[in-house]
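Could you build all of it, start to finish, from the sequences and the hints given here?
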Amino acid sequence: MKTVTLDVNGKVFCLDVPDGELLIETLRDRLGLLGTKYSCLEGDCGVCTVLADGKNVLSCLMLTVEAEGRKIMTIEGLTQGSSLHPIQQAFIDEGAVQCGFCTPGMVLASKSLLDRCPLPTKEEIAHALDGNLCRCTGYVRIINAVLSAAQKMKKTS
Amino acid sequence: MPILKDFRYHAPVSVDEALALLRKCEKPVVLAGGTFVLNTLKKTAAYPTDVIGLRKIAPLHGIRDTARETAIGSMTTLAEIASSPVIREHFAVLAEAAARAATTPLRHMATIGGNVASRFFWVDLPVVLMALGAKAAWSGVKTKKTLTIEDFLALTGQEARGILTEIVLPKSGLTGVYFRHTQTIEVDVPIVAIAFAARRQADAVKDVRCIVNTTLSRPVRLAGTASYFETTDIKKWKAAEAAEALRGDLQQSKLDDYRLHCLCADLELLIGKFKQT
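Going down the list, the sequences are from chains A and B.
Mapping the first sequence onto the UniProt record's numbering, position 59 (from 1) lands on 59, and the numbers just tick up by one.
Mapping the second sequence onto the UniProt record's numbering, position 55 (from 1) lands on 55, and the numbers just tick up by one.
If you are wondering where the hints come from, they were derived from the structure by calculation, not from laboratory data.
Fair warning: this is a prediction, and the values are worked out from it, not measured in the lab.
Just so it is clear, CB atoms sit at the ideal spot from N, CA and C, and this is done for glycine as well.
Watch out, some of these pointers could steer you wrong.
[Claimed, not checked] These stretches of chain B come out as covered by chain A in the derived footprint (C-beta under 8 Å, 3 or more residues):
#1 6-15
#2 33-40
#3 102-108
Quick look at the structure:
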């Protein structure tokens with residue numbers, strides 16, 4: 001066991017975890033952050049995406065002990081008070097959500113992109129979301145949602 | 001039920017400390033970005049007793065640039081390589097290969113050290129590094145040495161126990177191009193890939209390196225193909241003749257017809273790209 005100090009969604013947690021525990025297990029099973037999903041567990045599908053220091057990474061491929069010292073953000077940390085983040089709102093407005101299973105990962109990957117590239121092209125969005133699979137929407141509406149969010153966030157800033 | 005069986009995790013802060021752990025632990029495994037090792041641990045029967053994470057060893061991170069060479073710390077991620085102004089300026093082909101490998105979240109996690117030291121046949125960077133004449137700085141449990149990428153990939157058993165500390169790229173004025181052939185979408189694992197690098201001099205090329213990733217074995221250096229390009233005027237390069245040289249080089253590799261066909265077509269495409277650079 002190791003004692004780790006984790007910064008998740010701006011809150012600091014001090015936890016005793018087995019050395020081999022994966023970040024996804026800690027987030028879901030210890031902290032109850034269920035927006036991060038279990039799926040392929042091989043790094044292929046992207047539904048376990050979280051942000052580590054602003055970059056989208058896969059929590060099924062990261063040991064919790066290695067997350068110490070990084071600022072982790074899950075989908076639960078994106079909402080600002082009672083209002084949705086502009087990316088979340090754009091996903092709803094553009095109909096980019098169907099079953100919703102991939103959505104937390106898609107939204108976080110989009111946030112990582114827009115933070116470093118505020119006005120991306122469609123190609124840049126597709127490239128940035130290449131690690132997130134969606135079996136429902138066909139990606140068109142997701143890409144439109146990111147374009148729309150980028151425009152709204154530009155106006156706001 | 002936990003996804004991984006338990007092990008002892010260590011976070012050394014220096015290469016010497018990591019090497020001491022490698023000597024001391026019963027069945028250790030070295031962890032870089034985690035994208036290969038942690039996936040392997042989910043499936044392997046040969047489970048380690050100890051995992052040695054390199055994340056906290058500061059000298060293994062980042063890119064060091066001098067007038068003669070560029071050294072990339074083994075814990076530098078593929079995303080950092082792809083976006084590095086230094087790498088993009090001096091080794092554009094490496095930046096391109098790093099940008100196309102795997103997917104965005106994996107590029108944020110996977111490291112150049114892990115990509116090379118994993119010795120997986122289908123990874124992207126070793127062929128490009130070989131074409132650019134890169135060297136691997138290797139701290140083995142017994143000795144420290146600098147090896148060509150080919151020699152590094154050939155290490156086995158006790159010899160392969162150690163820490164890859166950095167990849168050193170000489171600034172030799174080579175122009176490189178790379179093509180990875182995937183069957184369906186771009187993010188797939190390639191079925192074959194080729195890297196080509198040479199120094200251009202008017203209508204001729206010197207110092208040609210043509211390296212193939214068959215994805216079935218370690219990268220193969222195509223000496224006959226390189227010789228064809230070196231001894232033939234650029235304007236007289238013919239795809240059919242180059243393909244013949246490539247087939248000759250790969251005669252002993254027992255490569256299937258489909259991969260050979262793809263490689264010949266890819267070489268033609270690559271040469272066209274090289275001419276335009």
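Structure-based check of each hint:
no., hint, in the structure
1, 6-15, "holds (count 5)"
2, 33-40, "holds (count 4)"
3, 102-108, "holds (count 6)"
The structure shown violates none of the earlier numbered hints.
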